[in-house]
Amino acid sequence: MAIGKILKDDASEEKGERARMASFVGVIAITDLVKTTLGPKGMDKILQSTGRGHEVTVTNDGATILKSLHIDNPAAEVLIDISKVQDDEVGDGTTSVVVLAGELLREAEKLVAAKIHPMTIISGYCMPAECAHNALLQRVVDNKENAEKFKSDLMKIAMTTLSSKILSQDKEHFAQLAVDAVMRLKGSTNLEAIQIIKKPGGSLKDSFLDEGFILDKKIGLGQPKRIENAKILVANTAMDTDKVKIYGARVCVDSMSKVAEIEGAEKEKMREKVQKIIAHGINCFVNRQLIYNFPEELFANAGILAIEHADFDGIERLFLVTGGELASTFDNPESIKLGHCKLIEEIMIGEDKLIHFSGVEMGQACTVVLRGASHHVLDEAERSLHDALCVLSQTVNDTRVLLGGGWPEMVMAKEVDDLARKTPGKKSHAIEAFSRALVAIPTIIADNAGLDSADLVSQLRVEHHKEGCNAGIDVISGSVGDMAELGISESFKVKLAVLLSATEAAEMILKVDEIISCGPRRREDRM
Amino acid sequence: MALAFDEFGRPFIIIKEQEQKTRLRGIEAQKANISAGKAVARILRTSLGPKGMDKILQSPDADVTITNDGATILEQMDVDNQIAKLMVELSRSQDYEIGDGTTGVVVMAGALLEQAEWLLERGIHPIRIAEGYEMASRIAVEHLERIARTFDFGPTNIEPLVQTCMTTLSSKIVNRCKRLFAEISVKAVLSVADLERKDVNLDLIKVEGKVGGKLEDTELIYGITVDKDMSHPQMPKQIEDAKIAILTCPFEPPKPKTKHKVEIDTVEKFQTLRLQEQKYFDDMVQKCKDVGATLVICQWGFDDEANHLLMHHNLPAVRWVGGVELELIAIATGGRIVPRFQELTPEKLGRAGLVREKSFGTTKDKMLYIEHCANSRAVTIFIRGGNKMVIEETKRSIHDALCVARNLIRNNSIVYGGGSAEISCSIAVEAAADKYPGVEQYAIRAFADALDSVPMALAENSGLQPIETLSAVKSQQIKDNNPYFGIDCNDVGTNDMREQNVFETLIGKQQQILLATQVVKMILKIDDVISPSDY
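From first to last, the protein sequence lines are chains A and B.
All residue numbers for the first sequence refer to this note's numbering, where the first residue is 1 and numbers rise by one.
All residue numbers for the second sequence refer to this note's numbering, where the first residue is 1 and numbers rise by one.
Incorrect hints may appear among the rest.
To be verified - The calculated EDC-like cross-link candidates involving lysine to aspartate or glutamate, where the alpha carbons are at most 16 angstroms apart (straight line), are:
id, chain 1, residue 1, chain 2, residue 2
1, A, LYS426, B, ASP491
2, B, LYS269, A, ASP254
3, B, LYS261, B, ASP290
4, A, LYS258, B, ASP6
5, A, LYS269, B, GLU327
Simulated from the structure, these hints should not be mistaken for lab results.
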């Protein structure tokens, strides 16, 4: 019985330097992978799934790329997780957070090689995170009071977010679209209310925001295709056969005529239900469940537009839009709130027929129709737009805004550098390393744009030593430019989340000195 | 091997299929066991103390856990060796009993085993070693009681409790904001504690986590959070002065458990059945309404129709609430769990000052907060953090801190931390050793050396010279006759643990020593290991 035989056969154990090495290698590999997608000139990646059909996704969204990777490195998994959280929490900055965490660890590796204890590095990373946070807090611009200015801020943020995506060609168009959509939400972060419909065909420029609501459904046969001043009842009820729900009930008859009677009664019941619905004085009925032909026919006869099988999201949006109420019983019509809209009609986008509700009462929800050459383009466009919408909706709640283009990183780096000079002891090395990791982000942005990063970043550094400087990297002209003039802004909340979760993740990985992995779960042989 | 001969000289087999088994006996077996125990202790050694490192553990399903909690590490390790499993058990029992010091106990046991190996080599019988250890542990535990201090705290003076929790938390990932977490833990424990009976039911504290935000956003909620939302999207999101009906019966037609059939053979029956069904739904909702409930919390699902009727009667409802949460809600709001609609009465309703729905981030995650409850004895600690692993680790840390606070309420004796208690015990045991005649003396002395290994590991992990630091502290303790000098892990500049405010509970320390000694005794008594060999 040897000493090594404590763990099970397949389990492995890595200790000390080797464990640290393994996590650094994993982290740096992940960082290098997504690094090239950062910034307005970042490149896309093709992801091919291993499933049947080998579906292809083209994207430069960090979270999407990382989510699809199969990773066998625990440290790398931490990074993937922070990017996922960033996506859920603020929606954008998914690449930046990974890159920043990666750079922090890359710098930490150098320090560890120089025989500085990881614990010293961790405590050295804590201080600048706080200091950088304060530096940002001092420089934020908050235009909450001034609605006009705030809107232009939102516009700038949307353009900055979109400029790194596939939509960058038409970023103005889409930024306008996103800002309009978010302004309609009036401060709620419920992006469910914004529906995105993708229809291949046309060009990206043909995408539009519809004030009303579009439901991707067909109108029942023989029913009016156009209704003005519609009164809408939104329901969630069975319109196939209305079963008796009392458990164990079943029909047991002894002759054919009885069957017919019961069938008649059933039909009568349905007819009654339909009558009740019609008695609400509606001319449009939307149901979440199936509507069978028989009730559909009844509705058609009454001149009511009946829409079946609207999915749950659609329903939820529909009553957000029309102000109606979701009903399941129809006995007292006076207490059910009906939805209203000016016009319901069938419209054509590309080759598909859709139902369009316009002139709605409550303008919270809206629909964005994306057009594009292929499914891949549309998918990527949706992701980009989703990012922009997320950032905007978060900004509406937290109205603080920063400049973009590597400006916040340089501001933080300068403050952190100052801190390093004031801090005695070994920690100051770690603090300096933190500032270097921050500077890495503008460097990567410049590199990705094919610019001379060393030159640009040193210019930036000089600029930033002047008071009240707005300098950042202007990728388009390839020089240092005034970010305020160029109108490149970013949301404070996104930057802050990037800073905090990247530091947290880096600390966590640094603290590890041993990796113990269990053997993979065996598949049971069923032979 | 186990081959014996009967009186006719024929061999017979004692152990079945012995050729497939490996067997170790005598000193060999003890050495193998000791080395296995030591190996486990070695893994945990670097996790000890405020500067201890974390471990990454990858489960068979490739989930990653990052932790420095001894019990968690050992539990998730794929341990095969029997002795190693004993060590795992050891740390687990410390976790169940005390909740903290799970790493320390294993390190202690490892050191005892290491010392035992030395003694074995010198030819001392394992049983004598075990006895010596037993005596020494008794001396140590008594000594601990002598150096223990009681300290006062009360509902108004929570500072001492916070300090203790901070010691526990300082070795964890939440080090950065330990003050906040310590305060949260203490407040949580105090609000559920029964100070008269000196008892704390930790089940009343619910620890919930959600990714996003930062650690500093963690908050203590005097109430309950439920990871559910209102059953109908248009129900009000905020209810003040809620009267809550807590139901364990579904809003559905009854399903008798005995098998039955309802036969429909005429149209009339069909009609009446339909009416009955409608009436049933109406009745259910009406009953809730009649007793004056303004919120319905149900363990089961609702039928669409019932859902609409509830909405219709302006009666917000939550469905699919888990059993544990339901109980907590009942405790917090002072309500009764009602299994049948017929039994619903106004007295059985729970009361809460505020019930609100809160959404997070860009996804449509929603949670329900039930606050300002009638009986504020149930609280929730709601953790936010950058990623899943941070949250999981924070939960574990909070659990440790809660346990420490609870132990202090049960018994408010403390000993000082930073290795000072161990060093002091070591001195006491060493001194006592000389009084014992016989071989046990050696074992007792070895025990004293083993006690030193905890402060040694602390010093090592903090990047100090272990031997130099330890000997300096030890001589200082003897010189000043002051048992409060320990290892200065955080480089504060003083060795006096009273000034650093580093202390641990007395029961925790005593348990550590007792449990470690017991396990080591058990391991030492094994002299034969038979195990199926690899094939």
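Worksheet item: Failing hints, ascending?
Response: 3, 4 and 5
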